[in-house]
Amino acid sequence: MESYIALSAVMFFLGVVGVIARRNPLIVLMSIELMFNAANLALVTFSKLWANNTGHIFAFLVITVAAAEAAIGLAIVVVAFRKQHYVDVDEASTLKG
Amino acid sequence: MIAFWLLSFALIATAVFTITAQKPVYSVVGLLGNFVILAILYLTLNAEFLAVIQIVVYSGAILILFLFVIALLSSGVKPFDIGPDRAPRIGIPAAVFALIGLCIVVFSVVRAQIAGAPNAPQGVTGTADSFGSVGDFGVALFTKNLLPFEVTALLLMVAVIGVVLLAGDEKPAPPRRKPKARDLEREPIVKPVETVAPR
Chain W
1 MESYIALSAV
11 MFFLGVVGVI
21 ARRNPLIVLM
31 SIELMFNAAN
41 LALVTFSKLW
51 ANNTGHIFAF
61 LVITVAAAEA
71 AIGLAIVVVA
81 FRKQHYVDVD
91 EASTLKG
Chain P
1 MIAFWLLSFA
11 LIATAVFTIT
21 AQKPVYSVVG
31 LLGNFVILAI
41 LYLTLNAEFL
51 AVIQIVVYSG
61 AILILFLFVI
71 ALLSSGVKPF
81 DIGPDRAPRI
91 GIPAAVFALI
101 GLCIVVFSVV
111 RAQIAGAPNA
121 PQGVTGTADS
131 FGSVGDFGVA
141 LFTKNLLPFE
151 VTALLLMVAV
161 IGVVLLAGDE
171 KPAPPRRKPK
181 ARDLEREPIV
191 KPVETVAPR
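Heads up: the protein sequence lines correspond to chains W and P, in order. Just so you know, we're using the working numbering here: the first sequence kicks off at 1 and counts up by one. Just so you know, we're using the working numbering here: the second sequence kicks off at 1 and counts up by one.
Just so you know, these hints were derived from the structure itself, not from any lab. Just to be clear, a hint being listed does not mean it is correct.
[Claimed, not checked] Which stretches of chain W does chain P cover? Using the computed rule of at least three CB atoms under 8 Å from a CB of chain P, they are: (1) 3-11; (2) 14-21; (3) 24-38; (4) 49-62; (5) 74-83.
For clarity, every value in this text was computed on a predicted model and none was experimentally measured. Beta carbons: idealized from backbone N, C-alpha and C, even for Gly.
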């Protein structure tokens, strides 16, 4: 069981590295999905450990939120691409004061 | 146990491939493998319904959404050839070491939690044989956790409205297209009565 948690931690930080290191917003979004899944793995592991399925419910809700997040994030990417014809996380600084 | 190590190695390998691939399509493929392996891991944790949901929702819906956006964005132009990624070459080993350190921290914190679990590791799943089954999940979802489930519907509604507002067509629909010349040449479905003009 501990190894599941360790696996979840590794996967989460791989997602963090992806968010920090990449400039392509699509890959940044995918790294966020990796982090969601790492959290889900931890939730399901604890759920099994305590023999309590609240963790399953929570993971289910996290999947729902991830779907909504992906839809909104991709819509923002599409809008940004329409406005400036390239997509780069570093260049998206229109809102900067 | 060997299966677990194989699966975890494959999980980490696909995750690394996802965040290092140069093209987003390769990333999606890596993420697909990652999700499928994660579904198998859910099966080993008695979470049958979540394993199915993982495949159906993640691999079937979210990744297809990613693929559509990639196909939409990269048609004809090369949007991602701006420059190199932010992490320099030397940053990657540093990131890996930081990752390992953070993992150790998290792991040691969590270990204390696990030690206090009511049924110790490898214990038989405490209450019933039906733990994690679809029926068990459904009963818990629709009785004890009904309110979060309902709020989920609201959340998805908000997401749909937001997407339509963001990415929907800004211009109103064109009033009516003018008939083209070809349309005029086409034989009409109902033939007008030929009236010969009287002399």
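Cross-check of the supplied hints:
no.: 1; hint: 3-11; result: holds (count 8)
no.: 2; hint: 14-21; result: holds (count 7)
no.: 3; hint: 24-38; result: holds (count 9)
no.: 4; hint: 49-62; result: holds (count 10)
no.: 5; hint: 74-83; result: holds (count 7)
In this structure, every one of the numbered hints holds.
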